[in-house]
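Visitor: Join these two chains into a complex; the hints should help.
Keeping their order, the protein sequence lines are chains A and B.
Following our numbering, the numbering of the first sequence begins with 1 at its first residue and continues without gaps.
Following our numbering, the numbering of the second sequence begins with 1001 at its first residue and continues without gaps.
Please keep in mind that the hints were generated in silico from the structure rather than gathered at the bench.
Don't take each hint at face value.
[Said to hold, decoys possible] For each label pair, taking beta carbons as the anchor points, the in silico distance ranges come out as:
| no. | chain 1 | residue 1 | chain 2 | residue 2 | range |
| --- | --- | --- | --- | --- | --- |
| 1 | B | 1248 | A | 15 | 24 to 30 Å |
| 2 | B | 1406 | A | 125 | 33 to 39 Å |
| 3 | B | 1376 | A | 143 | 55 to 61 Å |
| 4 | B | 1416 | A | 142 | 56 to 62 Å |
| 5 | B | 1414 | A | 26 | 55 to 61 Å |
| 6 | B | 1350 | A | 143 | 50 to 56 Å |
| 7 | B | 1430 | A | 15 | 51 to 57 Å |
| 8 | B | 1213 | A | 108 | 17 to 23 Å |
[Said to hold, decoys possible] Away from chain B, derived, C-beta distances all over 10 Å, residues of chain A:
| no. | residue |
| --- | --- |
| 9 | 38 |
| 10 | 74 |
| 11 | 82 |
Every residue, glycine too, gets a C-beta built ideally from N, C-alpha and C.
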Amino acid sequence: MDDNIVEILMVEDTEADAELAMRALRKRGFANHLVWVKDGAEALDFIFAGGAYARRNMENRPKVVLLDLRLPKVSGIEVLRRLKEDARTKSIPVVVLTSSKEEVDLEECYKLGVNSYISKPVEFDEFAKVVGELGLYWLLVNKLPNS
Amino acid sequence: MRDEEKLQVPDGVRFVDLVDVAGLQALMESFNKLTGIANGIIDLDGVVIAHAGWQTLCTRFHRCNQATLRRCIESDTSLAGSMTRGEHFALYRCLNGLVDTASPVIVGGRHMANVLTGQFFVEPPDLEFFRRQAAEFGFDEQAYLAAVAEVPIVSRERVEPITGIYAQLAQVLASNGMDRLRQLVAERELAAANRGLESRTRELEAANKELEEFSYSMSHDMRTPLRAIDGFAKILAEEHAAQLDEEGRRLLGVVRSNALRMGCLIDDILRFLRVGRHHLVCGEVDMERLVYEAFEDLRAGLPYRRIRLEVGPLPPAWGDHTLLRRALQNLLANAIKFSSAATEALIEVGGAAQAEENAYYVRDHGIGFDMRYVDKLFRVFERVHPTGQFEGSAVGLAVVKRIIGRHGGRVWAEGEVDAGATFHFALPRKGD
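So here's chain B without its partners, still in its complex pose (with noise of 0.2 Å):
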């Protein structure tokens, strides 16, 4: 397969991290109960994955001396060599006297391990070779003798088909493996873009954060000296006047108007990058009570207008209080201004409580508005409406916009020109 050539195994992966070795060790157990064969998994460190019924001849003996495990090694070396070349698997004489066989686990092009079999005889044992064998090394002989008789006789006939078994499932293992693979490198691969990702939002949040303070304090510091601008030209208006003639009199009027203007943009950011540095403070509001402490402050600055305000249930809500009477306050301000002043104002609130989030609505009855431009509504200093038609700030959706946002809620909007205009938000509800 074109794929599993291309795909490598990247370091630090193991042979273990690839499969399931509790279902291993189980299926070792069954096949040496099957067969009274010993078998086992081993990766190319020399990690045991998983073994059953191995020969006492072997672990007692044969690995307990010195000179009979180099022998091991060397034989398992030898055996190991032989895989590399390619074979499905390797029927060996081990330099102690007894049998096995190998098959190799290749993953990804890469040989990581060895389903191992063996530990058994192809006929009888020749005894004298292994009384020899006792002697030459001091092992007790009858012991010794005595594991030998353990060791099973295995056919010829039987051992092609039994290799055949566990060459399948070297097979069987590599073609998991690789699966395994892939889904270990497609995690490593995600786990690594998710922390290039955390680490830009991060960067993002602080060059956002210290943009916000530039403009705060710029903002800030700018109304110094438009203090003097208004200040002084305001002096020379009214004490050098009579140096002046009349263009000279209105030009320092634009002057002044123009510093006013300046000062309510500048005002205008504060008050919107404000609602950035507040802290948040969260509890249960009772929002038809701020709608009505809003509104009444909102008509206290505007006796002459006739204004109706009905105010549906509303579901309290999950939020700051000061923010949220912030941003109802804006709505309802905004929904007065574009409401004809020459008849009485309708406006209408209302909202509800809905599995996720409590929605709510501000709709007036005035100019309302095109619904091609009703992405601009939010936007600081964006006016759907030229200046001058309408006095005061072009940010008071933009602020309701941004504590909606700090809510982890959601402001949009419905108009239609002449016929009125509903600005609806969803705040999360509590624990969500």
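Looking at chain A on its own, in the form it has when it is part of the complex (with noise of 0.2 Å):
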């Protein structure tokens, strides 16, 4: 796959749920320009256009990153500092997607200036509508400023 068309970047380290997800995702069409990172570090350097994706354009900004918090290497927490500290990526919309019900993260993610902040229901049902909506209003209803 191209790595300079992304749509959505999905940094997810258990591979169930990123399988659920991009099922979800791809039921409602949502699925094509879908890059899936395992861990922080990775997500990291395909954003910044390092390490393995040193020759992608970083330019090409993804239209949502959907992150999860407990990563291995980087934190989610860390990737979203990084992200909204810096002035290249930081109108990058992120979603927090994240098993965890804890206020101490939550707070920390709209201190760091999460875009939304999202429990994964464990019913599939509910969180493949989730992950559905947000893909649609994501990449169809939210407007981004033009690159």
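Guide: As structure tokens, then:
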């Protein structure tokens, strides 16, 4: 897949969750330009065109980042901080999609400028619905400043 | 006395810890005024506990010269030595020419102090002896003899009753000292026991917290695989249904419904544990308003139920708004759940301010419960009614108990089968 055309960047280390989310998005037709990375370090490489993604054009920003919080290597909170404190990336919408219902995580994410914070429902139907609506909102409804 | 023999004086306890020093000092002064004789109480380390009327001859001369001081100490030691032989008192002519008596104070079998009296003569002094002493040790003879002249002469007949009084005093001190010692030992044991209890409490609290943390993160982590079980079972049912027969599809349904049930259980555990993690922010809470708010929230989810809520005047509570609201919501939900859906359900909420706490209750007229099982009501996942008969969480009342417990309050319930139930809780008043 061409890394330069990306709509959704999904940062998720749990394969089952990633697969379920991708299925839900695919059903709604939002998975054509989805990139899935499995840890925080790879997410930062992708966004800032570093490491294995050095040849990627950073200008091609995803329309939304779906970010899990508990990630290997670099945590989701850290990824969010780096994105939101950099002028080049701070307008990328970040949706935290996590199983954490911790208030501290929620508060921290909002302090850092998260665009949305969603607890993953246990029930698959609910989960699929939430993910599908996320795709609809951020890919079709939401307007971003022209890059 | 047998128990006195058993009670040892613990290390670090001094005689001064066992007596009323100010009282003894006053007594010594009174005795001195009465008899004109020097007296004092000295522990075995040489610490003077109380004294009065000490002779200039001793303090200014004998104890100020190296050679005569050596004689004083030798005399004291010899006197103390005779004490340990079990005499009630000893009469002794000191090496510097005066007479001393001493009575031992023996507490718990240990010789701890001496009641001393002395520095007197039992017959007119031999002035030649003192002149020789003045010359031998270089004392100013005139001043030295003047000090000798100050020393009282006590007849042998008087010495006996006087020393008898001191011997009795020594026994009273020993007996009082024993009482004080018993008290001291008891206090020490109590303090040690309390310290042990406190450290055990701290250990238990830490262990409990650790266990809660563990339960919390475990419950949390179980949600992820559970979502996969439910999700992939759903996908199997939807996308591969053609390859399954009816029994296969039914089995998949069982998998999914159990996954959902487990999800509910996990959410309940998390709800319960979150009460313990919540940081209490206490203030005055308008309980009437809170009841109406909680009720409106519940009613929004139950549009087909007919419910009449009667709220009596409620005293304001001192507590955490968020948690108290949750407690009321759970109690109201419980009352609605166990009231008949066929007719209008009546739920009454009341309360009263009492001396030390404010008490509240939520009463329903539903199916009630058997008082034999009242203890089970507030436990996590304990049900008084069978699963399936009444939907939903079996954690609501446990959460109520935990919330009220965190406020230092208490919960209790009354009920009768088919005659409704009343759930009470009481919260300490502010400042209690």
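Visitor: State for each hint whether it applies.
Guide: To see whether the hints hold, each was checked on the structure:
| no. | hint | in the structure |
| --- | --- | --- |
| 1 | B:1248 - A:15: 24 to 30 Å | 25 Å, holds |
| 2 | B:1406 - A:125: 33 to 39 Å | 36 Å, holds |
| 3 | B:1376 - A:143: 55 to 61 Å | 57 Å, holds |
| 4 | B:1416 - A:142: 56 to 62 Å | 58 Å, holds |
| 5 | B:1414 - A:26: 55 to 61 Å | 57 Å, holds |
| 6 | B:1350 - A:143: 50 to 56 Å | 55 Å, holds |
| 7 | B:1430 - A:15: 51 to 57 Å | 54 Å, holds |
| 8 | B:1213 - A:108: 17 to 23 Å | 19 Å, holds |
| 9 | 38 | 14 Å, holds |
| 10 | 74 | 20 Å, holds |
| 11 | 82 | 25 Å, holds |
Checked against the numbered hints listed earlier, the structure breaks none of them; every hint is satisfied.
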